[in-house]
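Student: Take these sequences, add in the hints, and give me the full structure.
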Amino acid sequence: MKKRGNLKSTNKSAVFETRTVTSRVSYIAHGHQKPQNSDDFLKDFVSEAVFLTSDGIYINNIKKNVVIEVICCDAPAKAFLMKVKSHSGFSSCTRCTIEGEYQQTRVCFPYLENGSTIRTHDDHRQMKHEEHEIHPLQFQVFVQF
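The C-terminal position of the sequence shown is numbered 189 in my numbering, with every residue numbered one higher than the one before it.
What the hints contain is simulated information worked out from the structure, not anything from laboratory work.
Careful, some of the hints might be misleading.
In silico BS3-like links for lysine-lysine, alpha-carbon gap of 25 Å or less [to be verified]:
hint, residue 1, residue 2
1, K108, K78
2, K78, K107
3, K87, K129
4, K108, K87
5, K78, K129
6, K122, K87
7, K127, K78
Computed beta-carbon distance windows for the label pairs [claimed, not checked]:
hint, residue 1, residue 2, range
8, V90, D118, 19 to 25 Å
9, N104, Q147, 54 to 60 Å
10, N109, D88, 19 to 25 Å
Given the structure is predicted, the values throughout are model-derived calculations rather than measurements.
Each residue gets a CB set at the ideal place from its N, CA and C atoms; glycine is no exception.
Tutor: Here's what the structure looks like:
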């Protein structure tokens with residue numbers, strides 16, 4: 045929980061009236077080109093995230109626990125961070141082991157009751173699906189991705 049205030053003017057100084065709101069941590073990056081390695085790109089974020097999630101943060105001398113609930117990416121960014129096949133590759137589905145098929149010059153993953161095996165977080169960490177993973181993740185801090 046984070047305190048967020050609304051500015052209230054007085055004739056002497058600015059005063060914040062606080063209210064409790066649920067906050068979400070956001071990390072937005074900008075650059076002139078795509079980073080070469082997701083480990084280098086995430087290094088500072090992961091270092092700070094590990095520290096904050098294990099030690100918490102003190103606000104007004106009160107320790108607050110930090111939990112990262114979600115990391116939101118578009119499909120190309122998710123593939124880059126997870127070090128898996130690009131979102132348009134044949135074995136790029138991050139949820140199951142279905143293989144894509146060409147349909148009008150595009151790779152599609154038609155949903156069928158085909159019994160595809162679900163990909164698990166442990167499978168990803170152990171690189172059990174060679175056709176899906178590109179390189180092992182250097183940082184194993186994400187419980188589920």
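Student: With the threshold set at 25 Å, check whether the alpha-carbon distance from K127 to K78 stays at or below it.
Tutor: Between K127 and K78 the Cα gap is close to 14 Å, so the pair holds against 25 Å.
Student: Mind checking the alpha carbons of K108 and K78 for me, to see if they're no more than 25 Å apart?
Tutor: Violated, at about 34 Å.
Student: Going straight from one Cα to the other, do K122 and K87 come out at no more than 25 Å?
Tutor: At roughly 16 Å apart (the allowed maximum being 25 Å), K87 and K122 satisfy the hint.
Student: Can you confirm whether the C-alpha distance between K87 and K129 stays at or below 25 Å?
Tutor: holds, 21 Å
Student: Checking one constraint from the list: CA of K108 to CA of K87, max 25 Å. Satisfied?
Tutor: This hinted pair holds, its Cα atoms lying about 23 Å apart.
Student: Can you let me know if the beta-carbon spacing of V90 and D118 is within 19 to 25 Å?
Tutor: Holds, since V90 and D118 (Cβ atoms, about 20 Å apart) stay within the stated range.
Student: Do the Cβ positions of N104 and Q147 conform to the proposed distance bound of 54 to 60 Å?
Tutor: 57 Å Cβ-Cβ, so the 54 to 60 Å window holds.
Student: Regarding the pair K78 and K107, is the alpha-carbon distance no greater than 25 Å?
Tutor: violated, 37 Å
Student: Can you let me know if the beta-carbon spacing of N109 and D88 is within 19 to 25 Å?
Tutor: Taking Cβ atoms as reference, N109 and D88 lie about 21 Å apart, which means the hint holds.
Student: Can the restraint linking K78 and K129 be considered satisfied, given a maximum Cα separation of 25 Å?
Tutor: holds, 16 Å
Checked against the numbered hints above, the structure violates hints 1 and 2; every other hint is satisfied.
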